[in-house]
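S.K.: Residue numbers (our numbering), protein chains in the order written: chain F, 1 to 154; chain Y, 1 to 733; chain A, 1 to 211.
Check the hints yourself; a few may be wrong.
[As the list claims (entries may be wrong)] Each computed DMTMM-like pair below joins lysine to aspartate or glutamate, with the alpha-carbon atoms no more than 20 Å apart:
#1 K657(Y) with E615(Y)
#2 K663(Y) with D181(A)
#3 K205(Y) with D93(F)
#4 K93(A) with D53(F)
#5 K147(F) with E686(Y)
Because the hints were derived from the structure by calculation, they are not lab data. Quick caveat: nothing in here was measured; it's all calculated off a predicted structure.
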Amino acid sequence: MATYQLTVNGQHKQVDVDPSTPLLWVLREELKMTGTKYGCGISVCGACTVHVDGVATRSCVVPISLLSDRPIVTIEGIGSDPVGRVVQDSWVDKDVVQCGYCQSGQIMNAVALLKANPKPTNVDIEESMGGNLCRCATYVRIREAIKRASQQLK
Amino acid sequence: MPAARKIENDLHLNRRSFLQVSAAAAGGLVLSLYLDLPTTAQEARPTPAAKVYPPDAFVHIRPDGKIVIQVNRLEAGQGAQTSLPMLLADEMDADWSQVVAELAPAADVYKDPVIGIQMLGGSTSIPNSFQQYRELGARTRAMLIAAAADRWRVDPEQCRTEQSVIYGPGNKSVRYAQLADDAAHKPIPESVRLKNPSELKLIGKPVRRLDSRAKCDGSQIFSLDLDLPGMKIALIARPPVFGGRVRSFEDKEARSVPGVHNVFEIPLVKGSAVAVIADKFWTAKQARDRLKIDWDLSGIEHADSTELFSRYREMARTPGAVAVNLGDERAMDRISASNQIVADYEFPYLAHAPMEPLNLTVRFDGERAEAWVPSQLVTQEQMAIAEVLGLKPAQVTFNIVYAGGAFGRRGPLDSHLVREAAAIAKRVPGLPVKLVLTREDDMASGYYRPMIVHRVAIGIGEDGMPEAWRHVVVGQSFLKGSGNAFEPFLVKNGVDNLVIEGINDSPYTVPNFHVSAHHPNVNVPTLAHRSVGYGHNSFVRETLIDELAARAKIDPIAYRLKLLKPDAKKFRSSLTLLEQKSNWRTHLPSNHAAGIACSEYHGTCVACAVDVSIENKRPRIHRVTAAVDCGLAVNPLTIENQVQGGIGFGLTQLMAKGAITLKDGRVEQRNFDRYTPPYIGDMPVEIDVHIVPSTEAPTGLGEAPVPIISPGVANAMAKLTGKRYRTLPIATI
Amino acid sequence: MLANQRLLPLGFVPLLIGSLIWIGLSARGVEIRGTKTSTADTRIEDGLVAWERIYSVLTSPRCINCHTATNHPQQGDDRHRHFANVIRGPQGKGVPGLSCISCHQSANADSTGVPGGRNWHLAPLSMRWQDQNDQPLPSAVVCRSLIDRAKNGGLDGQALLKHHEEEPLVLWAWNPGRRLDGTMRTLPPLTHDDFVAATRQWINAGMPCPR
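Same shape as in the complex, but just chain F (with noise of 0.2 Å):
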């Protein structure tokens, strides 16, 4: 067991874990901030998708002891973001949702992805996302969102 001062979305967190805990489990359970979600465990469904320091990262495979003191953005903060905001309304506004287990995840990546790049082409959207899974396969409306959202920023 080891302790670990986090900052997650913008405030101070203290965590007793043990240091192999993955971020992810830290997150859900210690934190009981469940909207990142468990999918795989081995990074290769992004469903666990949270910003480290401003990086898109899969949380399911970082271990806590290997945070360090970067800074966590996670769904249930990234609306306060602009870009968050208008992502998160581009999905509601073409109902991208069915199960909405993945979304989090593919949400958290699009966002990445607008503020590194405001006017994704069609590969652009298709490279960066091209990681995220979604069973109830929403990709098309994925796509449909990410663009309105692009339309809408500036």
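Knowing the structure of chain F, use the given hints to seat chains Y and A on it.
M.R.: For chains Y and A alone, kept in the frame of chain F given last:
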């Protein structure tokens, strides 16, 4: 977080007292029909439910104006938590912006009105509850008006409703919330008038989902997210071969992980396993990794895909139990070999692999139990928990929680998962225990879409149409011999309809048509998987029809229209609409090709045209145009979503890694790295959906679109490569 | 180009000068053709042997998996295409949303089975050691690209040696972490010390490449 779910309503009943309400209090309505929960499995025969459903079990108008509508089945992505409330809210003239949907707990009143058990499956949400929810809304409105008419001493005819407000003569008006108490005491009218199509405000319109925002901001609680005071996490170390047993185990290292509470053996439906109980998931996982278990794997079949396919191929060469015998069995023998197509098809096991791995929570205190389950077979699972814990079903409070996908996996007929959870809860009395399956557990847990082999012989007539068709299907049946309540309805003459649907009910005219099936016993549990038998049977049928059309040099849509049985109305309408909407087929680039396919599921027909080219040795799908006939379109937005999503789901069959295989009894794929469904790059860039206008009774969309994409793409690829694809998945072109 | 050396009776000095010129030329990565001196022959031979040892490391999975000719990395001892459709991106660091560092941290994550090292990224395409069909390129081809400063990031012999000695991602190959099944990832066929020694020997031999 939801604790014991109460049905709060303006009669101030909780669920228990609701169930005790006598016929007299409900004004002549016999509620006792809903009171008797079966106490044994024998009693759980599907029974038709009574016609008049009490509105107060389905809709609660809160003092703040919010209208809470109970949804009588799991929401697993199919959209019922929006489309069912739409039906009720429209007839009720409710202010849609105030509507909140809740997933109803287990209770008789929430049983499917046609099937008689509480369930999600078979694309029945809309077709079976369409009338029910509309009438509920109309009854609620009638009771509200009766209360207003009373209060104002006017004729109910003088009242009208709009957006949660009742207007009376003069300038009288009252909000529903202000009247709800009085309305609840009004008699429930037996007959009600439903709106004319011109009066509908929501039904038929593209209405966005109610749960969208919560699923986009992280606030939606799924089953895995449930957190209850004192909750423990349970992981199970399962035998590597189905049915294996624990001979012995060593748990000293596992128990030494801080936060581990207990380690013990539990029975499985077949075999046994070891459960680890801990405070947190990661703790439980670390502990489980340190278990040393000696498995007894003797005396059980160690299934092997290679061996099974070989066995199945042999079986397919002999006729099985006969399902269809139309015309002359010998007609094929009179057709020369050069006018025959003989084809063998092979399909692997498929995993449901919903994004949220299987999990549920149970708490048992010795006298009562409470469960939180994303369940597709509610009535059965409530009974199963009761059975394991030695309770009556009424002593098991059974809450439904949102599921991250289901596709059939959350309704195993043997209720194995809830049985495991109950067995664990029994050993952790007084505390809620969440049984979690890791992705590896989930994917290797079995209950797959069975592997299937077909052997088909088609004799072609002079007109290029099939004159004789002999079809043998080999595949496991999870119903045959199970004793399950569904068995007598679906297994006839030794043939399981779920294995042959799509062939035995083919919409095409073939004068000499023979279908038979073998159902081998294999030590791999199987289950219904989204679109069930149509998933493989439609592939076989639609690729063979396409081959026939190509041989006859007739356009594939025209060929199908010509061959359709006269009563295949929805096939005709969807193919006709498809033809109108897919003119792009005639001017594709030279390295593209178009493929056609159509399929049906429980009354809904979907036809598609796909535009395919080959890139990097894989099919690249540029566009899909789909036409669907589902009767009345309740929510065109849901329909579009389900067609697009169903197509994406069905695409798994074509993916290079879209197969579950076994070697020496062990499942070889344990995560998405080896069983790889489509990502965004595998999907068609565009899927345009067109709905046949209809006023007929609506049919469901959850499954009908799934089978069409694979044969559509295979048919397009046949034009590009000259090859016919008969073995799925397509690993190399 | 090497001037013919005439051995003078007191030939030590010219020989020394000649050797120095030779070494100087070698440091610029000039392919040494056979010379008249047997010592030079031996050195070239030794250098070529050393090169083959280096090549065996470069083409082992821990190294070659990130020296691909395609748009994506490989993983595993069977060098299959890396899962989740991760791709190269403009700088070999992936793309926004799907960067290498989305998963690969600055150290191995044994508890989750993900290898890590500082600045995890793909080698540039100029440093590809396999072809478009994922087959390792021949030894001669890899050798020539390694000594080509236009391809190797401007590294001369000493810099190459330092790269092999100190670059974190190179060192990672000998500390590649555990897979999820608990087994250690396979190491390259030489120890790191031997790899460095072979590099040194090869450089001292004038970085000879096979034909």
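S.K.: For each hint, tell me whether it holds in the structure or not.
M.R.: How the hints compare with the structure:
Simply put, K657(Y) and E615(Y) have alpha-carbon atoms about 17 Å apart, close enough for the 20 Å limit, and the pair holds. Proximity of K663(Y) to D181(A) is assessed by CA-CA distance (about 18 Å); at most 20 Å being required, the pair is judged to hold. Only pairs whose Cα atoms come within 20 Å are accepted, and K205(Y) paired with D93(F) is accepted, the gap being roughly 15 Å. Between the alpha carbons of K93(A) and D53(F) the distance comes to roughly 16 Å, so the proposed pair stays at or under 20 Å and holds.
Taking the CA atoms of K147(F) and E686(Y), the gap is about 13 Å. The hint holds against a cut of 20 Å.
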